[in-house]
Structure formats: C-alpha cells, structure tokens
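**Q** Let the sequences and hints guide you as you build the complete structure.
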Amino acid sequence: MVSNNREKFQIQYQAGKKAFERGEYGQSVQYLESAKALTANSSRLGGEAQIWLVTAYQAAGQDREAIALCQELATHPHPEIRQQAKRLLYIIQAPQLKRPKEWMSEIPDLATTSDGKPKYVTAKTKTKINSSQSNNNPEPVDLSQVNTEDNQFIWVAIIFILLTFGALFWLS
28 MVSNNREKFQ IQYQAGKKAF ERGEYGQSVQ YLESAKALTA NSSRLGGEAQ
78 IWLVTAYQAA GQDREAIALC QELATHPHPE IRQQAKRLLY IIQAPQLKRP
128 KEWMSEIPDL ATTSDGKPKY VTAKTKTKIN SSQSNNNPEP VDLSQVNTED
178 NQFIWVAIIF ILLTFGALFW LS
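Residue numbers (our numbering): 28 to 199.
Treat the hints with care, as some may be off.
[Stated by the list, open to error] Derived DSS-like pairs: lysine-lysine, alpha-carbon spacing no greater than 30 Å straight-line:
| # | residue 1 | residue 2 |
| --- | --- | --- |
| 1 | Lys35 | Lys45 |
| 2 | Lys45 | Lys113 |
| 3 | Lys113 | Lys125 |
| 4 | Lys44 | Lys113 |
| 5 | Lys35 | Lys113 |
Derived by calculation from the structure, the hints in this document are not laboratory data.
**A** Listed below in structure tokens is the structure:
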C-alpha cells in the first residue's frame, strides 16, 4: 500500500511540475496539493513538493497561502528545504516595485479582430524583397580617388617575421 501511495505521489508531483512549467498555475496547485497529501511533509521529497507548491501558489496569485506554507517550511527537518523556504519567503515578502507606464509595453491581442474573425498577415513576395534590396546597394567607389600607393608596410612586416624566425632558429 505504501508503494501505491508513492506511485500516486510521483504521478501527482510530476503532473504539478509539468502544469507549472506550461503556465497552468491553477492546475499545478491542485496536483501539488494532492501530492502533498500523499507523502509525509517532513520527508525530503515532501519538502520538495511543498517548495513547488509555494511557487505555484505565488504564480497563481495566492500569496497568503504561499507565505503560510513558506513559514511552515522554514522549520522543516531537512536543512536544504529550510534554506530554500527562507529564501522564497524573503522574495515573496519583498516590496513590489512600481514601474512607470513608460517602461511597459502593451501587447494587443492579435488573435481576433473587432469582427471576431481571425486576422492573418501575408508575407511579402520575393519581387518586393528583391526590389527593396536593390535600393540598399552602396554606390560604386571611384578608384581614381583611392590611394593605391605602396606604403612599404608589407615589406617591413615580412622582414620582421623573418628576423623573428631567424632569432628563434639561432637560439634553439
């Protein structure tokens, strides 16, 4: 019977984690609460499930429940669970920063238009892309204005390299 509870716990626990990662926080809370009921709260695995439950509570907007569970976990027998709970409690209780409206971007819902029908945007055709690319080509350079006189840099560099290799060969 104990292994049956352990299997049920694993199923609920994994489902809760996956629901959280998909952004389904309400479902995650339900799964993780079921998993919490199936294990000993003082065990390490039970503590891990409860840590996940705290984050699911917070993501679902249930801050009171998250704080209460964190405070409970701050006295957990396992030191890592205690430490995580204290860190989470510190984060949850931190004051919310106020952001100016200018810092925020509003993203309109493009799934439907005002008439309720989906709106699709078509891609530009190749001919339009090619014509716009031809306008972006730089103008040709007049080579009569380019300084093509040899400035002896290449010869100085070659002599320096040969001297360096000669010195290395002589020293070895």
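**Q** Each hint needs a verdict: does it hold in this structure or not?
**A** For each hint, the structure was consulted:
1. Lys35 / Lys45: holds (15 Å)
2. Lys45 / Lys113: Answer holds: Lys45 to Lys113 is near 24 Å, not above 30 Å.
3. Lys113 / Lys125: Status holds; Cα separation ~24 Å.
4. Lys44 / Lys113: holds (21 Å)
5. Lys35 / Lys113: holds (29 Å)
Consistency with the previously given hints is maintained throughout, with no hint failing.
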